[in-house]
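Trainee: Working from the sequences, and respecting the hints, build out all of it.
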Amino acid sequence: MILLAEVKSGLVLRSYQIFKTIKKIGPYTNNEVNGMLSLSVMEQNHTLRSFLDKRHDGAGLKFLQEVLGNHIVEAVEAKENGKKVVMIPFNFPPEVIHLFDNAVPYTTEVVTTIGVCALTHQGEPYWDYALSLGLPDFVCSANTIALGSVLLSKEGNEFSPDIMISAAPGGCDANSKIHEFVSEYLEIPEIILDKTGDSSMDFELYRRLFHQMFTRLEMEVGEADEDRMIKTLEKANEANELFWELFELKKLSPCPVPNLFTLMSYGTRFTMWGRDEAISMFEKLVEVAESRRRRGEYPAEKEIARSFWVYTGYYIDLLEFWLWLEDNGISYLNDLLNSQMLTDFYSPETKEEAIDALAATAWNYAMTRQMGAENMGLRWVEDALHTIEKLNANCAIYSGHHACKQSQAVFRILRDELSRKGIPVLRLDGDCWNRRITPVSVLQEMILDFVQNVVAGRRRRRRN
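Counting from 43, one number per residue, gives the positions in the sequence shown under my numbering.
Honestly, the hints are just simulated from the structure, not real lab data. Treat the hints with caution; some may be incorrect.
Derived CB-CB ranges, DEER-like [said to hold, decoys possible]: (1) Arg336 / Gly176: 54 to 60 Å; (2) Ile67 / Arg336: 26 to 32 Å; (3) Asp244 / Gln494: 43 to 49 Å; (4) Glu287 / Glu339: 15 to 21 Å; (5) Asp369 / Arg336: 19 to 25 Å; (6) His428 / Arg258: 33 to 39 Å; (7) Asn199 / Glu283: 41 to 47 Å; (8) Glu283 / Leu420: 26 to 32 Å; (9) Glu287 / Met78: 28 to 34 Å; (10) His428 / Lys121: 24 to 30 Å; (11) His163 / Met261: 38 to 44 Å; (12) Asn144 / Ala451: 39 to 45 Å; (13) Glu197 / Asn123: 22 to 28 Å.
Simulated crosslink set (EDC-like; lysine to aspartate or glutamate; CA at most 20 Å straight-line) [unchecked claim]: (14) Lys126 / Glu232; (15) Lys62 / Glu85; (16) Lys121 / Asp143; (17) Lys126 / Asp204; (18) Lys344 / Asp491; (19) Lys344 / Asp369; (20) Lys293 / Glu424; (21) Lys293 / Glu345; (22) Lys447 / Asp215; (23) Lys66 / Glu119; (24) Lys196 / Glu229; (25) Lys126 / Glu226; (26) Lys273 / Asp318; (27) Lys126 / Glu280; (28) Lys65 / Glu119; (29) Lys219 / Asp204; (30) Lys463 / Glu431; (31) Lys432 / Glu332.
This one's a predicted model, so the numbers in the text were calculated from it and none came from an experiment. Backbone N, C-alpha and C define an ideal beta-carbon position, used for all residues, glycine too.
Mentor: Here you go:
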């Protein structure tokens, strides 16, 4: 166990100092990168090597500076700039917060991932601290690490949000309860957005709740300007169009899109949607992938497995997971987090229409759409098959996070249905944000065994 005294301050305040430095990095040579890496601890070394890898052609640094860097820096500096910080979960559209001139979003799961990738000891001290307060160890590390750190604000060792939105009731009990605990413990006002079912009546109720949530937000941060709202959603449309351009490139075999671009995609989606940074980031992702396609360069040049991850990936070591997959001929085409099903574009002309459109987006968000459905297994199967067929994936992998009781409960249904369609499925068990549960070396061994003996074996039999 790592004592909090050893790290002294919260995850966000520590990350803030790191990103202030990263934002100053200009064009770099390999020697300069190697010199910087020699001064970093293992966690930072592997993360920086992953993002600055030449196959990403500058996209990784852009993501660190303009997406994650801005997300953290703006949250920490919000109050001195007269703005309020709104904490949101990953299944809530951040463009709702960007509509307001006086509000800044803080996405729990993104901040947890930043801590795991950027800090010495990763998120372990904050996880341990949350459990020391009496929280059970079956809560989800994806949000408990960031929220465990926020709890330190009571002693002045971390910054805290001004208001919280909980959009996970019905989709993730662990997520909902840890947010509720933090709200009560720190006396931060919380707005709960509950999805009750899938019928038209359920959506009408959800839409009304969404309007009530929006009114409450306006009471906290000031009234939203209609012109700003429309402009924000127009920018979201531009980014959405680029998202689907990148998706089209993933259909090619071998896939020219680097694995880590999936993480960059939803890292941008969960933080910067509706802003210029999202458009600029996706322009870079598409540009790099398209250039690689034209040159005939592919991250996994000997593409053995075209994998779709039916839940999420692992973030405990980017180098030994995302880039390691490529080096072993495994393309990470997409996952549930990045399968937003956002084929519709915003087209509002009034403030009320904009709020309705945002409600429809939130209703259809990843996790809310699948785990919040009346039939979790059926909706999960439908969405997984849809993406697998579109991307021509030849295998599926489930990360098996112990905290997600909903997905664990219906995984057998998913596996059986995919198997009937001829898609082999690998089940892994390990915490995606806590390396102490299952070491990355064990995950590598299981993935290689599956790919070499099942996926590659099927390909050989087809050729024969």
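Trainee: The hint says 15 to 21 Å between Glu287 and Glu339; measuring C-beta to C-beta, is that right?
Mentor: holds, 18 Å
Trainee: Is the Cα-Cα distance between Lys62 and Glu85 20 Å or less?
Mentor: holds, 18 Å
Trainee: Against the 20 Å threshold, does the CA-CA distance of Lys196 and Glu229 hold or violate the hint?
Mentor: OK: Lys196 and Glu229 at ~10 Å, within 20 Å.
Trainee: Hint check: Lys219 vs Asp204, CA-CA at most 20 Å. Holds or violated?
Mentor: holds, 18 Å
Trainee: Does the structure keep Lys293 and Glu345 at a Cα separation of 20 Å or less?
Mentor: Answer holds: Lys293 to Glu345 is near 13 Å, not above 20 Å.
Trainee: Please check whether Arg336 and Gly176 have a Cβ separation lying inside 54 to 60 Å.
Mentor: holds, 57 Å
Trainee: Just tell me: holds or violated, for the beta carbon distance of His428 and Arg258 against 33 to 39 Å?
Mentor: holds, 35 Å
Trainee: Lys65 and Glu119: Cα distance at most 20 Å?
Mentor: holds, 15 Å
Trainee: Checking one constraint from the list: CA of Lys126 to CA of Asp204, max 20 Å. Satisfied?
Mentor: holds, 6 Å
Trainee: Mind checking the hinted window 22 to 28 Å against the Cβ distance between Glu197 and Asn123?
Mentor: holds, 24 Å
Trainee: Regarding the pair Lys126 and Glu232, is the alpha-carbon distance no greater than 20 Å?
Mentor: holds, 14 Å
Trainee: With 26 to 32 Å as the target window, see if Glu283 and Leu420 comply at their CB atoms.
Mentor: holds, 30 Å
When held up to the earlier numbered hints, the structure conflicts with 10 and 27 and fits the remainder.
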